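Engineer: Residue-level listing of the chains:
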Amino acid sequence: MTRQARLVLGLLVGLAGGCGKPAQPVVKIGFVAPLTGDQAPHGEDMLNGARLAVDHAIARGDVIPGQRLELVALDDQRSPTQAVAAAKKLAADPDVVAVVGHLNSSCTMPASAIYHQARMLQITPVSSNPQISRQGFDTFYRTCATDDLQGPAAARFVAQELGAARVFIIDDMTTYGRGLANEFEQALRGLQGTVLGHEGITQGDKDFTPLLTKVKAMRPDAVYFAGMFPEGALLIKQRADVGLGGRFMGGDGLFDPVLIELATPQASEGVYLTTIGSDVHRMPTAEAFVKAYEARFGPLGAYSAYAYEATSLAIWAIRQAGKKDRAAVLAAMKALTDYPGLFGLQNFDERGDSRIRDIGLFTVQGGAFVFVKSIGE
Amino acid sequence: MSPWWVAAAAALLVPIVNPNAYHLDVLTGAGLYALLALGLNVVVGFTGLLHLGYAAFFAIGAYAYALLNLHAGCPFWAGVIPAAAVAGAAGVVLGIPAMRVRGDYLAIVTLGFGEIVRIAFTNLERWTGGPNGLLGIAHPTLWIPARGLYDFGVASQPYYYLVVVMVMLTAMACLRMSRSRVGRAWAAIREDELAAACSGIDTFQLKLLAQGCGAAIAGLAGAIFAAKQGTITPDSFDFILSVMVLAMVVLGGLGSVPGAIVGALALGTLPELLRGLAQYRMLLFGAVMILMMRLRPQGLLGTGQIRREPLTDRPPHDARPA
Amino acid sequence: MTPLQLFLQQLANGLTIGAIYALIALGYTMVYGVIQLINFAHGEVFMVGAYLALSVLLLLGISQPLTGPVLIGLLLLCAAAAMAGCGLLGWGMERLAYRPLRQAQRLTALITAIGMSFFLQNAVMLLYGATDRRFPALIPALRWDVAGVTITWLQLAIWAGSAVLMVGVQALVMRTTLGRAMRATAQDPQACRLLGIPVDRVIAVTFVIGSALAAVGGMLFGLYYNTVNFHDGYLTGLKAFTAAVLGGIGNIPGAMLGGLVLGVLEGLGAGYLSAQWKNVFAFVVLVGLLLFKPTGLLGERVADRA
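Protein chains in written order, with numbering that gives the first Met the number 0: chain A, 0 to 376; chain B, 0 to 321; chain C, 0 to 305.
Facing chain A, from chain B, some residues (calculated, C-beta under 10 Å):
(1) ASN131
(2) THR230
(3) PRO233
Source of the hints: derived by calculation from the structure; they are not laboratory data.
Note that this is a predicted model, so its numbers are computed, not measured.
Ideal Cβ positions, reconstructed from N, Cα and C, are used throughout, including at glycine.
Sequences and hints are given; from them, build the entire structure.
Structural biologist: Listed below in structure tokens is the structure:
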């Protein structure tokens with residue numbers, strides 16, 4: 000190795016190791032979401048929610064007497080492999096007693112096995128694939144509604160209230176999108192709806208006009224899309240460009256104001272979407288949170304409230320346990336009843352799924368999301 | 000004592016000196032990269048065939064073991080051999096049509112294969128679970144006298160040892176191969192294919208052999224990866240992975256067996272070392288790649304044995320009809 | 000819609016993205032032509048071009064469609080700014096990263112290009128944020144109905160703009176002294192040096208021109224899709240690279256043809272077969288074609304080793 004190369008390596012190692020350890024004992028909460036890559040904006044929204052929860056908790060005094068509460072934020076780049084690496088990193092750190100994460104169901108799934116083995120409380124704010132909680136891990140909790148609620152609720156709305164009989168389904172070929180789309184399709188078939196087709200698109204792709212032109216020729220009453228907002232916005236805009244009529248409905252991945260900005264307010268007028276919970280802006284229990292969040296970080300992201308809720312729950316469990324001990328924190332969480340959360344009184348079923356099973360229905364009106372009603376169970 | 004034995008002993012001592020599960024896991028990941036780099040080195044380094052779809056064979060190995068395990072209950076030790084064999088066979092089968100093209104055209108054909116395989120795994124939902132991938136793949140187990148059956152589970156140490164042993168065995172095999180008749184024939188093809196063919200080397204067979212060997216090593220790595228993760232999804236095997244492995248081989252030094260391992264350790268652990276830099280880490284990662292190539296164009300352990308073919312100043316009409 | 004109308008509509012869809020692919024493919028092919036380097040970072044240059052055009056619009060505070068001379072002037076201004084910025088970027092990349100490696104193994108430069116690609120992507124992410132940014136729709140959403148096939152002004156503008164540039168590049172390469180120097184460098188740089196041709200400068204200019212074309216591609220891409228993101232360069236760059244090889248890498252008319260063919264193939268594949276196999280379709284055709292015509296549609300020969 001040349002001297003320069005050695006210098007570069009040394010510098011890097013120094014940089015990586017340079018973050019010195021503070022003297023005061025710390026208790027840590029792990030946080031994992033994509034912080035780089037194409038879904039970094041969602042991860043950032045979640046991280047802001049988690050940060051706010053930690054700061055609120057610190058303002059209320061030490062969570063464990065004499066120990067400083069710290070949030071360790073890791074990046075999983077929405078890659079399952081990276082998610083497992085991050086999970087192992089947290090599991091190996093004895094100061095970490097609970098984890099908030101991940102965002103993507105495909106990441107939460109393999110990572111949950113690591114947390115389970117480490118006997119560490121994991122609360123996912125938003126991974127809504129129902130399979131995750133069916134693995135039977137007692138360390139797993141989830142603060143949002145699952146896709147086997149969201150898909151059928153959307154299908155009921157499309158078939159019964161919009162009166163759409165012929166529907167074309169599109170998903171983004173991810174664990175989340177395909178899972179939600181399948182739930183929707185199954186429920187719609189059960190309601191005697193006609194599924195004209197079900198096709199996947201690639202995340203990061205931009206040109207959906209060929210698919211939409213094809214769909215246009217089938218004259219569907221509605222198009223259902225399960226995926227995230229960047230692709231959703233392009234679908235909505237290009238749908239207007241190719242002159243595809245009928246309704247457009249999507250899942251919670253679309254619930255981001257950027258969707259309307261990208262798709263233009265005109266093209267997105269009248270688009271419907273469901274969310275994995277009620278409208279946080281309308282919850283009196285969440286008023287203080289929304290105010291504090293928007294004062295500090297700007298407009299509320301789609302998943303910020305869930306991340307705040309999950310982090311607050313983890314902190315609550317640590318406070319109850321009163322010591323830096325994973326088993327005690329987990330035991331405290333299991334004993335939780337009627338936690339006063341953002342969406343009302345929070346309770347969990349035997350799988351760790353929240354008993355608040357609201358599905359919110361929103362529509363776009365005049366360039367903004369407008370809450371229509373709750374269409375959950 | 001040769002440096003190999005020192006390195007092997009040091010590698011085996013790591014878990015005793017530092018039992019931190021996270022550190023071991025990062026090293027295990029880097030070890031899997033090392034296996035891939037060793038395999039790709041056979042194709043790109045030894046034989047001089049630029050391959051940009053190498054992740055496909057990693058994927059084929061992983062899915063082969065996963066499907067054998069899930070449908071036939073095949074345990075890891077019995078599944079790893081067929082997984083490597085299936086991937087090796089895929090390397091040969093995909094290699095036959097690719098024989099018609101050369102150089103950078105070969106690069107894009109292999110890139111195409113890589114993408115086709117990944118998208119096929121995403122779309123063939125019935126067999127591969129589609130984007131959800133395959134879940135519940137069995138971890139390896141080991142029968143230890145007096146302690147009974149030991150399941151590797153999600154622990155870090157056993158995988159670390161498994162990968163270290165596999166890397167050592169593969170590296171030994173690669174070294175022996177490169178010094179054998181076959182290895183010398185590969186080198187001849189790399190340096191001048193026409194001359195090699197003229198001196199009686201069956202270039203067709205030997206190029207296929209190189210692709211088969213490289214793919215089989217990737218398949219082996221894939222089976223270990225699937226057994227370690229317990230779940231596999233198609234997006235673990237994207238084009239970026241192929242590119243990263245290639246970067247490891249070149250960074251370590253084309254054609255150098257220890258180089259492939261060093262390159263994989265460097266690029267495999269660097270993102271973790273840079274984790275503290277949060278959103279700056281991939282920026283720095285790119286910058287380090289550029290710098291390393293600038294400071295050490297022949298690779299960290301490059302022998303300079305490979306004939307330099309500069310970008311310009313090549314003799315006219317170097318290109319022969321394919 | 001009759002089947003014929005549907006087909007023509009899909010053809011128009013495909014030709015639009017194909018024209019953009021072609022513009023980017025030109026940069027890949029020109030650089031490859033002179034120094035046999037697959038400039039992997041070229042896709043990122045295209046993405047930077049889109050962001051530069053967006054920056055001009057943001058600076059001027061324009062977010063609404065315009066008409067007449069103002070529109071044309073603004074488009075030219077955006078294009079000029081993006082071309083200048085990307086040209087400078089291309090020049091800098093060549094000077095700092097690729098030129099020092101010209102005597103090294105070819106793969107060394109390829110890995111540098113990959114590192115450059117990571118670097119540029121993340122630099123843009125840090126500067127502009129990771130969220131998709133809205134690219135204002137400048138061109139009024141007017142559409143023509145030609146026998147049941149809808150064509151927008153924007154599509155016409157993209158076709159016209161890319162056609163002008165492609166003809167210009169072809170003329171530059173075939174008819175000017177600089178073009179002759181580029182072709183000579185591609186054939187035999189050693190002999191060029193002996194004849195007093197400033198090979199280094201020719202190579203640098205090639206990078207600048209290729210990058211400027213990608214910049215226009217980026218601007219048109221932004222105008223067409225109205226969103227830009229820091230990772231847009233990856234997939235589109237990969238497609239454009241495929242297009243360049245499809246046409247015969249190193250061959251300028253080949254790059255244009257390859258771009259259009261790939262765009263149309265994708266459009267028809269997604270429209271008639273299946274959207275989720277869209278990318279497979281493009282690659283299967285590519286691989287199939289290369290197997291029967293190993294040098295691409297119009298290509299002749301290529302260096303035969305990695």
